[in-house]
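**Student:** Sequence:
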Amino acid sequence: MTSSLKVFVEAAAGQFDKAMAGATHDLSIGAMKAANIAADMAKQQGRANIAAAGFSRKWQNTLTTIVYPQKGVSPQPTVLLYHKIAYSEIFEEGGSIFGHPMLWLPLKDAPERIGRQRITPALYAKHVGKLFTIRQEGKPPLLAAKIRTGQKGKRGGIQLRTVPMFVGIDSVTLRDRFGIREVAAKVADQMPEIFAGVFNGDS
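The sequence shown begins at 6 in the working numbering and counts up one residue at a time.
Read the hints as simulated data drawn from the structure, not as lab findings. Since the model is a prediction, treat every value here as computed from it, not as a measurement. Glycine included, each C-beta is placed from N, C-alpha and C at the ideal position. Treat the hints with care, since some could be wrong.
List of simulated lysine-lysine pairs, BS3-like, C-alpha gap at most 25 Å [what the hints assert, rightly or not]:
#1 K48 / K191
#2 K135 / K113
#3 K11 / K191
Here are the computed distance ranges between Cβ atoms for each label pair [unchecked claim]:
#4 G206 / A58: 35 to 43 Å
#5 S79 / S176: 43 to 51 Å
#6 G104 / E198: 44 to 52 Å
#7 Q49 / K76: 22 to 30 Å
With these hints in hand, go ahead and build the complete structure from the sequences.
**Tutor:** Written as structure tokens, this is what we have:
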């Protein structure tokens, strides 16, 4: 089962409070500001990492952040860097996706989307037309549709042709494509420096 990518970004325990012992309230305010700066850095660098892997603007923009605590202040805040697309984790780690019992992948003649939803056999059947199965020995099964050619048949009716829309496979193995955890680790390493800049008035 695939899942959405979630990574926590935080400085090592005690880094902020050891640096500013005795200034608890100012420390908490500075730490929160540093965490928000780190969150922006992680989001920007993470999106750049996804873009470099060849993913669309949508994939880039659905990587986002939350700073905890969301209300109040803390001397040890945490940044959650996460991707809103439910199956994004597979592109961070790589791995296999298995069908139940099959995965149906759209072919070149299938529409990419219906409305805002990526095309599936169920969506096609609901909004476009019926699909039927083509089975050939030694080859993966196909789901096909009857499409009008725009030409009239011999008896004057509309001529139809069979067009494969989906191919069925048992599983697909994907390699890792982006490195959001590495981005998070680099930003976490910079948090004490970011905090020092905030507290010294540099940010």
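**Student:** Between the alpha carbons of K135 and K113, is the straight-line distance 25 Å or under?
**Tutor:** holds (18 Å)
**Student:** Between K11 and K191, does the CA-CA distance stay at or below 25 Å?
**Tutor:** Measuring from Cα to Cα gives roughly 16 Å; hence the hint holds.
**Student:** At the C-beta level, are S79 and S176 separated by a distance inside 43 to 51 Å?
**Tutor:** holds (44 Å)
**Student:** Going straight from one Cα to the other, do K48 and K191 come out at no more than 25 Å?
**Tutor:** Given that 25 Å is the threshold and the Cα spacing comes to 12 Å, the pair holds.
**Student:** Starting from the hint 44 to 52 Å, judge whether the C-beta atoms of G104 and E198 obey it.
**Tutor:** holds (48 Å)
**Student:** Is 22 to 30 Å respected by the C-beta to C-beta distance linking Q49 and K76?
**Tutor:** holds (25 Å)
**Student:** Given a hinted range of 35 to 43 Å, is it respected by the beta-carbon distance of G206 and A58?
**Tutor:** Given range 35 to 43 Å: holds, Cβ gap about 38 Å.
Going down the numbered hints, you'll see the structure goes against none, and every one checks out.
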